[in-house]
Amino acid sequence: MPYVGYTLVRIGVTGACLLAFFNLNQDNQPKIVGIEARYLLILIGLLYNPIFPIWLTREIWIVIDLIVAGITIYLGLQITSASQAPSTLKKEKLTQTDRINEQIDIPKPLSSSQLKSVEKKTDSYMSRLFWQGIFLLALVLITTAIMKS
Amino acid sequence: MSLVLKIMLFVGMSLVGIVVGAILGEIIGLPKGGFPAIVGLLFGAGSWMLASRSQKSSDE
Chain E
709 MPYVGYTLVR
719 IGVTGACLLA
729 FFNLNQDNQP
739 KIVGIEARYL
749 LILIGLLYNP
759 IFPIWLTREI
769 WIVIDLIVAG
779 ITIYLGLQIT
789 SASQAPSTLK
799 KEKLTQTDRI
809 NEQIDIPKPL
819 SSSQLKSVEK
829 KTDSYMSRLF
839 WQGIFLLALV
849 LITTAIMKS
Chain X
3 MSLVLKIMLF
13 VGMSLVGIVV
23 GAILGEIIGL
33 PKGGFPAIVG
43 LLFGAGSWML
53 ASRSQKSSDE
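Chains as they are written, first to last, in our numbering: chain E, 709 to 857; chain X, 3 to 62.
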């Protein structure tokens, strides 16, 4: 029974990494130790995948959790600041391949209106998840208190 | 605030919450698997909510 909770977290982390991977801007990707953000997202998704779970001791998972938490928060802030920065040099840096890619007009996985709709739905889902979590936490605490007494 | 930042915050804060939940659970003596996971989800969902609220207020 208790493992169900961790499976939920694994599904959440892997799903979130996939969603972020498909919405990443291909230009100006931040790097950590020379590894690009998209490869880091794939690595994190594989590490927490719920289909073939990786078995490690609790202490090792605590260390991994903290490292991954630091990496994801850092990447999130870097990606946001990179997307908000003015891209004056962007056009100058275009190579021949980039120009050809622009002409081909490769379709993006989600359009901006679809992205807005996904964001709106996720916002309301997260709000519900938060209050359900509070309720579940209260339930666990009350049950444990009753069982102990 | 972009969707990617919210996602990254969700993942990061969920994992921080799991560690906090594991340590708290150890101190209070709560069930090992369930409690940290619930705290993790709470941290993640809470950070998402805060991010979307600040996004809304900056849009207005």
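Heads up, some of the hints might be wrong.
[Said to hold, decoys possible] Cβ pair distances, simulated, as ranges:
(1) X:Ser-60 to E:Ser-819: 17 to 25 angstroms
(2) E:Glu-767 to X:Glu-62: 26 to 34 angstroms
(3) E:Glu-767 to X:Ile-30: 35 to 43 angstroms
[Claimed, not checked] The list that follows gives simulated cross-link-like pairs (lysine-lysine, PhoX-like), each with its CA atoms no further than 25 angstroms apart:
(4) X:Lys-58 to E:Lys-824
(5) X:Lys-58 to E:Lys-856
(6) E:Lys-739 to X:Lys-58
If you're looking for bench data, these hints aren't it; they were derived computationally from the structure. All values reported here derive from a predicted model rather than from experimental measurement. Think of the CB as a built atom: it goes at the ideal place given N, C-alpha and C, for glycine as much as any other residue.
These are the hints, each one checked on the structure:
Distance hint check: the CB atoms of Ser-60 of chain X and Ser-819 of chain E are about 23 angstroms apart, consistent with the given range 17 to 25 angstroms. About 46 angstroms separates the C-beta atoms of Glu-767 of chain E and Glu-62 of chain X, a value inconsistent with the hinted range of 26 to 34 angstroms. As the Cβ distance of Glu-767 of chain E to Ile-30 of chain X is approximately 19 angstroms, the hint placing it in 35 to 43 angstroms is violated. With a CA separation close to 13 angstroms, the supplied pair Lys-58 of chain X and Lys-824 of chain E stays within the 25 angstroms bound.
A hinted pair counts as satisfied when its Cα atoms are at most 25 angstroms apart, and Lys-58 of chain X with Lys-856 of chain E does not qualify at roughly 44 angstroms. At most 25 angstroms may separate the alpha-carbon atoms for a hinted pair to count; Lys-739 of chain E and Lys-58 of chain X exceed this at roughly 29 angstroms.
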